[in-house]
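Knowing the structure of chain A, use the given hints to seat chain B on it.
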Amino acid sequence: MIQNIPLSYYLVISTLMFFIGIYGFLTRRNLITMLMSVELILNSVNINFVAFNRYLYPQQLQGHFFTLIVVAVAAAESAVAIAIIINIYRNFKSVDVENVDEMKY
Amino acid sequence: MLNQVMFFLFGAMIVIFSLLTVTSRKVLRAAVYLLFVLISTAGLYFALNYNFLAAVQLTVYAGGIVVLIIFSILLTSHVSEKAAMAPVKQSVLSALSVGAGAILTLMTILRFTFVPNPGTDPQYNITDVGNALISYKRDGYALPFEVISVLLLAAMIGAIVVAKKERIKK
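Those sequence lines, one after another, are chains A and B.
Mapped onto this note's numbering, the consecutive letters of the first sequence carry residue numbers 1 to 105.
Mapped onto this note's numbering, the consecutive letters of the second sequence carry residue numbers 1001 to 1170.
Rather than coming from a laboratory, the hints here were simulated on the basis of the structure.
Quantities reported herein were computed from a predicted structural model and do not represent experimental measurements.
One should not assume that every hint holds.
[Said to hold, decoys possible] Some but not every residue of chain B turned toward chain A, in silico, with C-beta under 7 Å:
id: 1; residue: Val1027
id: 2; residue: Leu1028
id: 3; residue: Val1032
id: 4; residue: Leu1048
id: 5; residue: Ala1084
id: 6; residue: Ile1109
id: 7; residue: Ala1163
Idealized CB from N, CA, C, for every residue including glycine.
Isolated chain A (complex conformation) (with noise of 0.2 Å):
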């Protein structure tokens, strides 16, 4: 299935992905656009773990298994997030960062 297609191809995709995560981590104000940029950082790594798994290890699945335990992993970060963000907006009425400036309880 991966006749013809280098594996640089899969890099230059998940780098992409990774800078553009970046980005939207920069420039985004909502909190919530924010957690979205983080997980498409996460998943162009997930890309990364699979590709070199699967052209250079085809016999082991150990970036199989890594990249399962990070979807886990961004699954319970992400509802953490979330439970934040809830909590957030219920004391400052706002997700946006720039409200949001003291974090004291």
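Chain B in isolation, oriented as in the chain A frame:
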């Protein structure tokens, strides 16, 4: 031929929808574009013959995380509300630094030639994946599996505690 077409289709979808995700002014639309990115990534995993991983990507990412994000968008902002962006100066500076980083990384990647492992397509099915996840011998992943389950439990309890409505003190 067909796999090349599929690869370039998914790759183009990933890049375009990633750009739309970070630039769209409407938050709900950005979430839907993120969904398209994650589905295209699952398509790449299918093309690489990792069927279980693609299914996990579809169920956990596209089915779980995106729904969670859309719920929180609906809870915290009005649908017609435009998202605030950084000032122009900061956007331009971010774009410049990100573009420089991307160009540097791409140059490094494209200068290096990766030699693929000349093996036949490995054949494994879901049973092998499941056996590896609960095996503690060589090439077994029982410990990370347990660690991740404890982490998920802790994150679940933590999310409930954080998002719980506080009782008003008298």
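Interface hint for B:Leu1048, Cβ within 7 Å of any Cβ on chain A: At 5 Å from the nearest chain A Cβ, B:Leu1048 passes the 7 Å test, so the hint holds.
field: Proposed interface contact between B:Ile1109 and chain A, which counts if any beta carbon pair is under 7 Å
entry: 5 Å, holds
query: Close enough to count: is the Cβ of B:Val1032 nearer than 7 Å to one in chain A?
result: 11 Å, violated
field: Hint status (Cβ of B:Ala1084 to nearest Cβ of chain A, threshold 7 Å)
entry: 4 Å, holds
field: B:Val1027 as chain A interface residue, shortest Cβ-Cβ below 7 Å
entry: 6 Å, holds
query: Holds or violated: is there a CB of chain A closer than 7 Å to the CB of B:Ala1163?
result: 4 Å, holds
message: Take the shortest C-beta to C-beta distance between B:Leu1028 and chain A; is it under 7 Å?
response: Violated, about 10 Å.
Violated hints, listed in ascending order, are 2, 3; each of the other numbered hints is respected by the structure.
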